[in-house]
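A.B. asks: Sequences listed follow chains A and B, in order. Following the working numbering, the numbering of the first sequence begins with 11 at its first residue and continues without gaps. Following the working numbering, the numbering of the second sequence begins with 13 at its first residue and continues without gaps.
Hints were generated in silico from the structure; no laboratory data involved. One should not assume that every hint holds.
[What the hints assert, rightly or not] To give an idea of the interface, some chain B residues facing chain A are shown, with a C-beta separation under 10 angstroms as derived from the structure: (1) Asn67; (2) Pro147; (3) Gln155; (4) Pro159; (5) Ile163; (6) Gln203; (7) Gly220; (8) Arg222; (9) Ser226; (10) Gln251; (11) Ala255; (12) Glu281; (13) Ala287; (14) Asp398; (15) Ile439; (16) Tyr445.
Beta carbons: idealized from backbone N, C-alpha and C, even for Gly.
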Amino acid sequence: MIFLLLRRFTALAITLLLASIAIFLVLEILPGDPAAIMLGTEAREDTLAALRREMGLDRPAYERYLNWLGGALSGNLGLSMTYKVPVAELVADRLAVTFPLAFLAILISTAMAVPLGVIAAANHERPADHGVMLFSQIGVAIPNFWFGLLLILFFSSYLGWFSAGGFPGWDDPVAALKALLLPAVALALPQAAILARVTRSSVLEVLGEDFVRTARAKGLTRRVALRRHVLRNALIPVVTVMGMQFSFLVAGAILVENVFTLPGLGRLLFQAMSQRDLVVIKDVVLLFAALVIVVNFLVDLAYAWLDPRLRQG
Amino acid sequence: MGQVKRVKKQGVVMKPSMTLLSATALAAVLAAVLPLQAQAQEDELVLGMPIEPPNLDPTSAAPVAIREVTWLNLYEGLVQIDRNGEVQPLLAESWEVSEDGLTYTFQLREGVTFHDGSSFEAEDVKFAFDRARSPDSTNAQKQIFAPIEEIETPDDHTVVITLSEPSGNFLYYLGWGDAVIVAPESAGTNQTDPVGTGPFKFDDWVRGDRVELSRFEDYWNADAVHLDRVTFRFINDAQAQVAALRAGDVHAFPNLGAPELFAEFSGDERFTAVAGNTEGEIVAGLNNQRSPFDDVRVRQALMHGIDRSVLIEGAYAGFGQPIGSHFSPNHPAYVDTSGVLPYDPVRARELLAEAGHGDGLSLTLKTPQMAYASRSSELIAALLADIGVQVEIRPTEFPAQWIEEVFSNKDYDMTIVAHTEPLDIDIYQRDGYYFQYENPEFKALIEEISVTPDEAERFELYAQAQQTLAEDVPALFLFQLPKLGVWDARLEGLWESTPMPSNVVRDVRWVE
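Could you build the full structure based on these sequences and the hints that come with them?
C.D. replies: Here it is in structure tokens:
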């Protein structure tokens, strides 16, 4: 266990270092000067030079890289170039939207997908199975942002049950949850479709294993065998996909956050890209890299819990 | 065995804890959904904008969104530009201009305080203008202050500004967001914690979502202000803008992003829908130093090849006024030059043949991703194909890539963008500007304008300048970017056209 942790932390450190170099180089090569963007078509030589000085862009690249890395190591993520506020503050505000949104989406998608997948597998090649597969086909095919628009049209514009977007903040947890529900459903549907398929095929595969036949042979009914012997074994691929989905939901919710105008991490990154807010981009990308690694680590721990054989590391 | 029994009672093929957990969570969420949203309060306004400002100091950088939150709401200048584009007193109650047009004496309003409680005095004016023209200034319109030679403050409520040469538009420029008065105590932190003398003070900024302002109780003209709270919400997606208006989350969207969705509000009595003008001219800039665009016949041929009404219909659902030069119809000196080089494909082919391009021409058009630009580009390509000009559209990310490739490096044939600053016809004589247009006659005209204090004379010169550009077409002049405003029909006082990029909410109130 300790060995596993150590290995993971080393991998984390190396990956982050490589990611930091890569993102810095990419941003150096990419066209776009944040000072020029702030002055737009009104840029003149003297004001541009003054703004570049103010933003620290007049210093050599290696110096800026080392400053940023040193700052990040000591926990100082720096100041946003455009907003002029600490990036840590910006990111913390955004995570308070994006994390709960991703959790809620995972919750909804799991609550839908796992039972559906198991039902489909238990009724292989029968109407229930075909029904679930049809749902899954549709769910995968519908883009989440478009589904989000449909939800807004129906629940906000037509029924008036929800506001059409925005986030009131956590001061009022009920209102906050309410604001996250529609986007979470929009995010959850395609994920649930994928997860239901994975669950179904995984359960089907385990159902064909020898130990299940043995269980049946010793007199257990199909249902009992499913509950006692199949489910836990079938969950490993499901947990893997859930882990991947969580990273995806945190990083990939840009479109849904835009449709619902949620001030989440995806939108922060999107805005920072268009403004070339180099400091914010670098910090957020690093954060994503760290997140993916941490989530993968948690998934590994979940394997060990599900399958005692893996506990040896 | 006990575990199996428990599961059996649940009758679901999941671990009981998991089922319970998700069921409880879902129930909690559903319960939260039930209360309906609260009705808007009558002393509160939620105003939607497409773009979030990067900061809240209009003296620090160029983005229009900064002015759209702050100008005349948080900050005020010595003078203001009113909704008709006229200069009116604001922090200066009155002024006198000397005969030679070199000395401006402003009498300042008394009893004005900044939001932090400090009082507004002549020293603040001197500080604000000295800061704007200092070497470290990043003021986007620094040239406004270039003619200033000296600023004197004989007493707390008098400011005397001496210019080194007459500046025809000096007073007008002092009405811009770039010339608002900031105090020495707060100027350094205005980007994140703005302090001005305006009718509203800054409360909170939830980045990525909204800026909240509230009524400034000590405002010098507090009786004229009706709203207690104003929230600016930033909604980029056009569909989401419409949904927010329909759901009542946003009371006003003064600049709706989707022209094709604007029409559906016109017939709805719950909303006021007004199509006004912005200060934005949509122009297809040409690289005047690059062959063959250095030949005026080629530029004229391209202009003759474009049917502006097709563009307005296709790119902006029929809203927008055709323009023939770089001048806003909002401005009193505007003359209609859209007929100087009208749509005439036959003439266009003749001109191309004269210039030696009878068998055709090809060019690339670097197109930003904004809807008006990409739609216009496709129509331009189709129209120019009719006169034998092959246009290759190259998507160019705005602002970052466009600023670098087109604006800074001048690496382009043709591009398309809206120039949103008011009264910016002078960009065609700026050295090193991306059009690379060099016309000594035009330059002389603009220089003469800048030192002509007499308004009638100046407007006459502006008319000449517009005519020159209309004939010489350093850029293809397409149409004025319209301002499609939609707001709750019970709201009164919002501006229909914006002679300055802004959302002035000072005079806004709810009526029944």
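A.B. asks: Given Glu281/B as an interface hint, is the shortest Cβ-Cβ distance to chain A below 10 angstroms?
C.D. replies: Where the cut-off is 10 angstroms and the nearest Cβ of chain A is about 17 angstroms from Glu281/B, the hint is violated.
A.B. asks: Just to be careful: measuring from the Cβ of Arg222/B to every Cβ in chain A, is the smallest value less than 10 angstroms?
C.D. replies: Where the cut-off is 10 angstroms and the nearest Cβ of chain A is about 7 angstroms from Arg222/B, the hint holds.
A.B. asks: Quick one, is the Pro159/B hint okay against chain A at 10 angstroms, beta carbons?
C.D. replies: violated (15 angstroms)
A.B. asks: Min Cβ distance, Asn67/B to chain A: is it shorter than 10 angstroms?
C.D. replies: holds (6 angstroms)
A.B. asks: Take the shortest C-beta to C-beta distance between Ser226/B and chain A; is it under 10 angstroms?
C.D. replies: violated (17 angstroms)
A.B. asks: How about Tyr445/B: closest beta carbon in chain A under 10 angstroms, or not?
C.D. replies: holds (9 angstroms)
A.B. asks: Taking 10 angstroms as the limit, does the beta-carbon of Pro147/B come near enough to a beta-carbon in chain A?
C.D. replies: holds (7 angstroms)
A.B. asks: Take the shortest C-beta to C-beta distance between Gly220/B and chain A; is it under 10 angstroms?
C.D. replies: Result: holds, 3 angstroms to nearest chain A Cβ.
A.B. asks: Less than 10 angstroms between beta-carbons is the criterion; does Gln203/B satisfy it with respect to chain A?
C.D. replies: This interface hint holds because 5 angstroms falls under the 10 angstroms limit.
A.B. asks: Can you verify the interface hint for Ile163/B: is its Cβ closer than 10 angstroms to any Cβ in chain A?
C.D. replies: violated (20 angstroms)
A.B. asks: Does Asp398/B pass the interface check with chain A, least Cβ-Cβ distance below 10 angstroms?
C.D. replies: Violated: closest Cβ of chain A sits about 30 angstroms from Asp398/B, beyond 10 angstroms.
A.B. asks: At a threshold of 10 angstroms, is the proposed contact between Ala255/B and chain A supported by beta-carbon distances?
C.D. replies: Since chain A brings a Cβ to about 4 angstroms from Ala255/B, closer than 10 angstroms, the hint holds.
Of the numbered hints listed earlier, those contradicted by the structure are 4, 5, 9, 12, 13, 14.
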